[in-house]
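J.: Keeping the supplied structure of chain A fixed, place chain B upon it in accordance with the hints.
Just so you know, the protein sequences line up as chains A and B, in that order. For the first sequence, my numbering assigns the number 1 to the initial residue and increments by one for each residue that follows. For the second sequence, my numbering assigns the number 1 to the initial residue and increments by one for each residue that follows.
A hint or two may mislead.
Which chain B residues stay away from chain A? Per the calculated CB distances, all over 12 Å, these [claimed, not checked]:
1. P110
2. V128
3. N172
4. L227
5. S237
6. V280
With the C-beta cut set under 10 Å, the calculated list includes, among others, these residues of chain B facing chain A [to be verified]:
7. A194
8. A196
9. S226
10. Y244
Some chain A residues flagged as far from chain B (calculated, every beta-carbon gap over 12 Å) [to be verified]:
11. G19
12. A339
13. P348
14. M358
15. S372
Worth flagging that the hints you see were computed from the coordinates, not collected in a lab. Even glycine gets a Cβ: it sits at the ideal position worked out from N, Cα and C.
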Amino acid sequence: MAKAGPPALCMAGVHKRFGDVRANVDVHLTVAQGTLHGLIGENGAGKSTLMSVLYGLHPADSGSIAVFGQTVRIAHADDAIGCGIGMVHQHFMLVDTLSALENVMLGAEPHWYLPQAAAPVRQRLQELMESTGLRVPLDSAVADLSVGDRQRLEILKALYRGARILILDEPTAVLTPQEADQLFTVLRQLRAQGSTVILITHKLKEVMALCDQVTVMRAGRVVADMPVHEASVEGLAQAMVGRKVQLERPDLSAPAPQQASPVLQASGLEMRDAAGVLRLCGIDLQLHAGEIVGIAGVSGNGQSELLDVLSGLAAPDAGALQVLGKRFAAGTWLDPFSARDIGLAHVPEDRHARALVMDFPAWESAVLGYESLMQYCRRGWMRAGAMRRATEAMMERFDVRPRKATLASRKFSGGNQQKLVLARELGQNPRVLLVGQPTRGVDIGAIEFIYGQLRAMREAGCAVLVVSSELDEILALSDRVLVMYHGRITGDVAIADCSPERLGLLMAGAGA
Amino acid sequence: MSARAALPRWADVALLPVVCLAIALLASGGVVALVGQNPTQVLVALIDGAFGSARGLSYTLYYATSFIFTGLAVAVAFHAGLFNIGGEGQATLGGLGAALVALWLGPVLPGWAMLPLMLLSGMLFGMVWAAVPGYLQAYRGSHVVITTIMFNFLASSLLVYLLVNQLRAHGNVAIESAAFTASAHLWSAREILAFAAVDWPGSPLNASLLLALACAVAVYFFLWHSLSGYRLRAVGSSPGAAAYAGIDPRRHVVQAMAISGALAAMVGMNEVAGVSGKLVLEFVAGAGFTGIAVALMGRNHPLGIVLASILFGALFQGGAEVAFEVPGFSRDMVVMLQGFVVLFSGAMSYVLAAPLARLLRAVVPEAAHG
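So here's chain A without its partners, still in its complex pose (with noise of 0.2 Å):
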């Protein structure tokens, strides 16, 4: 597999600080030629902050970079370019209007009269395509495209400027297991031609499926470096949280007998956006106490518009919901303000459009929603001291670092945002909690113990539901899994009989 000569990427002692933050301290990467190389680590381990040092984003404090064999000077993305270094970001950086094949061109245009750049420029498109198996539509806008098709189209730009390095910040974050599956499949050809990858991922089976190396950050320094035969899952995750990790589902006791009546019934419910696209279309669900339900499915099949509907955030076009005793027909919904005084507590998906004020200190972002309650607000005044004493609190017992309730909510990293969410939802011991997303964009030390609020809820008999796009997570917390396809539930499967290749397939709408 790797070939010999120099390796492809060697970088040797480069320290960077930003602040007070070193981000990188002494930090050695080698990658072989022709190999998959994984980069692992918990946000803020500087894995990003060591492919911007690599990429020209930002330039090191100190250290060497030679590519292949060549030592090499990159103080902006156009130098690493040159180098022959390609970056996929996670979050695309594509023209939603421009067609797939203007977005390759975009910036690297042959010829200032567009229609007499494009035809080379498509030519050796359709040989990258055919050499790569990577398919994208070439003439259909970015905002028509599939999130697959744009991430090949992202690989493409990238193998199309001459990139022999790869580098793929996150890449399965947004596919399905199947369209995981084909990445895959194509990272593992372009490998067979000789392009070098490297992989940054925190998810640890990938690195174990596809990698031939892996090397794992940690607080900014290199912890661990060794080929992926030798390594286990457990020792890597180890490896990145600098103790053990238990993320696997622990022997729950049984869920609790099932009551006749739920605590949440959903019947018909069916909603459309303002295009008037079917977006929620005939769901049942219901909710008993003491259970966690997930729900599976790929991003944007109606997962978020049913956790609005469900939180009172939106009302649907047509259907019912009984929760907590209360009836509510479409015309006459809940809102978010009586679902919290019923008992009804939701942590949303978008932690920063939705779930704090991003601009508030920790202390006023720690009682958003629950602000007019007693021990917050006194005739119409806030009681800051009152405030700021349940966010010390809450920060006290979920862990929420650093313990500083006056800093900006946006200052905090993501897994401390979402606990401090948590803390907020769970303080108020609702009966019926709704998630979305509980660990996106969290690290693995504070997955663990996120699932193990979650859990304690469901032990202390609360009824639980959640939606995430990673499979793992459904099938670590749930009891009873729901699979949404095109705004429809299309599968209920108890977690006994539940295999990822089921669920996928469900998920893909590849019928029941």
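T.: The following block gives chain B in isolation, referenced to the frame of chain A:
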């Protein structure tokens, strides 16, 4: 992780504005020198004109009073995520509301009832005038910047129409209303200080200044210590999070505009009840727009707005003195000076933030992260 340098809070609040102001003065000094004047002489004349005498100080504070009202109006809207350009029109309507009460009830009401009624009426007029664009923004999606600008023109035309066709006293050639009765007169600084046996020169400065300072305190407590203020800021910072929390963003947009309009309307008390004693054309005289610069410079904080208002008041008053004192220095030069202050302190204030942070870190490394 942000690569952008962050200033410590004290530097952001205190040092940065001072540096910006200094640079504005330097740039102005450069232009003054270019046209063959002595910058030092101009600066001294300006400061002396604004603060050097009781009379100058009174004028400075009189101008500042209106700027505090309009600056607070801009700030309240800003915290709700709205850019209220309509202070000018809302102030016009505020003056109209106050004047109508004074004209119609003047003969029957005593002063203790008249003044609060004028204030309330003016606030109500300004509130409605601002709430309409607020409503259109919240429920109909018409951008509040466009509608408030348009409402400025409407307000100005309405005032002209009413003064020319309805309110002008019989036989009066000047386009103004009849004079108010004595009960509608707001006490001047001279009258108030006479109680304390202080001899103060006559000036337009009146009790509105106290009202303005009270408003600044009230706005502070409203925004940062009340439930409504909390919700208003949540709506302004993150409409999504507000909706998630069960706060209706649309209702709060209308509410914020109404409060903003009521604050701007109090300019009417300063000008109509405090100074002219009748309704005249153009009495707002640009205070609505200056309020935007004031709020920008004061970082939308009541304390900052009071300080920025005094600065702008000083520029207006001192500038007038300079034009009078220094031969060959025209009023236009004063406008240029004000322009530089707005440019450096408002529009470009964050251009200097990064270099200042780097400089600070180099000089006092530990302070830069305090």
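J.: Would you check whether the claim that M358 of chain A is not at the interface survives, using Cβ distances to chain B and the 12 Å cut-off?
T.: Check fails; 6 Å does not lie beyond 12 Å.
J.: Mind verifying the non-interface call on G19 of chain A? Its CB should be farther than 12 Å from each CB in chain B.
T.: violated, 7 Å
J.: Examine each Cβ of chain A, and state whether all of them lie more than 12 Å from the Cβ of S237 of chain B.
T.: violated, 4 Å
J.: Would you check whether the claim that P110 of chain B is not at the interface survives, using Cβ distances to chain A and the 12 Å cut-off?
T.: Holds, because the least Cβ-Cβ distance between P110 of chain B and chain A comes to about 33 Å, which exceeds 12 Å.
J.: Non-interface claim for V280 of chain B: all C-beta distances to chain A beyond 12 Å?
T.: The claim stands: V280 of chain B keeps its Cβ more than 12 Å from every Cβ of chain A (closest is about 39 Å).
J.: Beyond 12 Å from every chain B Cβ: check whether that's true for S372 of chain A.
T.: violated, 6 Å
J.: Beyond 12 Å from chain A, beta-carbon-wise, is V128 of chain B?
T.: It holds; V128 of chain B is separated from chain A by about 24 Å at its closest Cβ, greater than 12 Å.
J.: Holds or violated: the hint that Y244 of chain B contacts chain A, with Cβ atoms closer than 10 Å.
T.: Where the cut-off is 10 Å and the nearest Cβ of chain A is about 4 Å from Y244 of chain B, the hint holds.
J.: Far enough from chain B: is every CB of that chain over 12 Å from the CB of A339 of chain A?
T.: violated, 8 Å
J.: If we take the beta carbon of L227 of chain B, is the closest beta carbon in chain A still more than 12 Å away?
T.: Per Cβ check, L227 of chain B is inside 12 Å of chain A; nearest 5 Å; violated.
J.: If I take the minimum Cβ distance from P348 of chain A to any residue of chain B, is it greater than 12 Å?
T.: violated, 6 Å
J.: Does the CB of A194 of chain B sit less than 10 Å away from some CB of chain A?
T.: violated, 38 Å
Hint check: violations occur at hints 4, 5, 7, 8, 11, 12, 13, 14, 15; the rest are consistent with the structure.
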